[in-house]
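Which chain is which? The protein sequence lines are D and A, in order. Here our numbering is used: the first sequence runs in plain steps of one and ends on residue 498. Here our numbering is used: the second sequence runs in plain steps of one and ends on residue 819.
One thing to keep in mind: the hints can contain errors.
Said to hold, decoys possible - Here are the computed lysine-lysine pairs in the PhoX-like style, where the Cα-Cα straight-line distance is at most 25 Å:
| no. | chain 1 | residue 1 | chain 2 | residue 2 |
| --- | --- | --- | --- | --- |
| 1 | A | 814 | D | 418 |
| 2 | D | 413 | A | 816 |
| 3 | D | 413 | A | 728 |
Unchecked claim - Quick list of the computed label-pair ranges, beta carbon to beta carbon:
| no. | chain 1 | residue 1 | chain 2 | residue 2 | range |
| --- | --- | --- | --- | --- | --- |
| 4 | A | 799 | D | 349 | 49 to 55 Å |
| 5 | D | 370 | A | 708 | 28 to 34 Å |
| 6 | D | 344 | A | 789 | 55 to 61 Å |
| 7 | D | 166 | A | 726 | 33 to 39 Å |
| 8 | A | 753 | D | 120 | 48 to 54 Å |
| 9 | A | 789 | D | 485 | 27 to 33 Å |
| 10 | A | 726 | D | 383 | 17 to 23 Å |
| 11 | D | 147 | A | 753 | 49 to 55 Å |
| 12 | D | 147 | A | 775 | 56 to 62 Å |
| 13 | D | 467 | A | 750 | 45 to 51 Å |
| 14 | D | 480 | A | 749 | 19 to 25 Å |
| 15 | D | 316 | A | 789 | 54 to 60 Å |
Stated by the list, open to error - These stretches of chain D come out as covered by chain A in the derived footprint (C-beta under 8 Å, 3 or more residues):
| no. | stretch |
| --- | --- |
| 16 | 150–162 |
| 17 | 231–239 |
| 18 | 488–495 |
What the hints contain is simulated information worked out from the structure, not anything from laboratory work. For each residue, glycine too, the CB sits at the ideal point set by N, CA and C.
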Amino acid sequence: MVDYTRMEGKDGGALGGLRSFLTTLMEKGVVDAVMVPMRLPYKRVIMQTLVRDPAKLEGVDPMAPVVPTNSAKFAAQLTHDETGRGLALVMRPCEIRPFVELVKLKQGRLEELLIIGLDCLGRYENADFLALDAANPSFTLDFYRSIRDGKGTARDGTDLAEACKACEHPVAEGADICICLIGEDIDKGLTLQGVTPKGKEALSKAGMDEAQRPDGREQALQALLRERASFRDAWLKDMRDQTRDLEGLMDVLGNCINCYNCRVACPVCYCRECVFVTDTFQHDSEQYFRWAEKRGMLKLPTDTIFYHLTRMQHMSTLCVGCGQCTSVCPSHIPVSQLFRSVAEGSQRLFHYEPGRDVKEPIPLGVFYEKEFEEVAGGK
Amino acid sequence: MADFEPIIVAFVCNWCTFTAADLAGTSRLSYPPNVRLIRVMCSGMVDPKYVIKAFLEGADAVLIGGCWPGDCHYINGNLKARRRVALLKEILRRFGFEEDRLWLKWIAASEGNLFAETIKEMVEKVKALGPSPVKTKLVA
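The whole structure should be built from the sequences, with the hints applied where relevant.
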């Protein structure tokens, strides 16, 4: 049982250590496959990749500050039925937490899994990352150096996704093994922490040497949490102020084109088939004229606010605030800011925190005899 | 707005609240004609989408009527409805939508008088609130 182990190395050598750790996990049969962000030859893009052959782990790069798409749904795809294969998942906190929600919804399974969670210092939008990374071959290392030196994350007129700046979950709580980056000096190396018994055992089976608990992590984490909470509070208040009434909401959503990208990108939008793409919304032509007649005019596409209010009802209790909805919006609507500002109330109502505990049932999956009695009082 | 006549869409469960409405009728109780009844098998099958849609189509208020806890024909459909309504109210409230426009009420099959009273009370309250902002302000 190993609690902590070190990956030493200068100039990003720690990444090599991480790669050899994953290789050892596979070679020693601790797991049969690994899902891990990998640098691919095309556009030097970073994508989640399922690796079965340890020789193919060369491009492993989970530390690059980008999440092209939330991998919770990939994790669900890989685990929703039994394969008998041991799988290690290398994910960020905003991917693990929705995966836990999908497990509760029986769309994924935690058995035979080894979850390796990365301390997350944030991600850039995909296009920004590609540009920054293309301009600087050691962009990832410079990103961590800059945070270490207190120089922040803003680069060339761009910065981290707002959702990340507002995220109070930089540490992967549900992980078996944690890749500790907060408070670390990337030029000296990084630490792996065995969090659960399964994680400690995996580290020891992979023959990792026991190391010290990293200094300065707790202090750096507290500072990061304070910074993020203060951004979050102002950010959510700003959205609440903008949407105090339905007109304000329509102002925010006014340029929505009903592309439903936000729903596709959402890791907890759990419906197998979304009602908004079914025949229910293939209205008769006559219907449009009737609607137009009622108010004299009808905005096209229709059902925009209907869609967003329904989505709030469906997933706001499960929203982890990963920000992918904003990232994919072609109309630059702050979807994540809006939905998180709603999720705050929805989650408070049920004392619920998505991703906290797989044993905690989803709010709309249970009900109790003695609760919300005031709701059925009439008004 | 003295001449404002609100439109109330009421989703009423087959076993209790609809039967109560029927009883109100056969007992010759009178209540304002502002309500449009939609008979559903259980309050637990009222998808929140129906409620949102009713508001967006211009309902000034929505009533969901179900059996008292413990009396549900399907054991607990009404308790599921209550959780969903609690959440929907939370979301609508967030956008300044008046809570008094969405009612969940337990009305048993024998309570024809309670049904008539509820509609009367609701119409009064909604008249005081005025027309729904969805109708008056929103271009959707």
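Hint check:
no., hint, result
1, A:814 <-> D:418, "14 Å, holds"
2, D:413 <-> A:816, "13 Å, holds"
3, D:413 <-> A:728, "21 Å, holds"
4, A:799 <-> D:349: 49 to 55 Å, "51 Å, holds"
5, D:370 <-> A:708: 28 to 34 Å, "45 Å, violated"
6, D:344 <-> A:789: 55 to 61 Å, "57 Å, holds"
7, D:166 <-> A:726: 33 to 39 Å, "37 Å, holds"
8, A:753 <-> D:120: 48 to 54 Å, "51 Å, holds"
9, A:789 <-> D:485: 27 to 33 Å, "30 Å, holds"
10, A:726 <-> D:383: 17 to 23 Å, "22 Å, holds"
11, D:147 <-> A:753: 49 to 55 Å, "54 Å, holds"
12, D:147 <-> A:775: 56 to 62 Å, "59 Å, holds"
13, D:467 <-> A:750: 45 to 51 Å, "31 Å, violated"
14, D:480 <-> A:749: 19 to 25 Å, "22 Å, holds"
15, D:316 <-> A:789: 54 to 60 Å, "59 Å, holds"
16, 150–162, "violated (count 0)"
17, 231–239, "violated (count 0)"
18, 488–495, "holds (count 5)"
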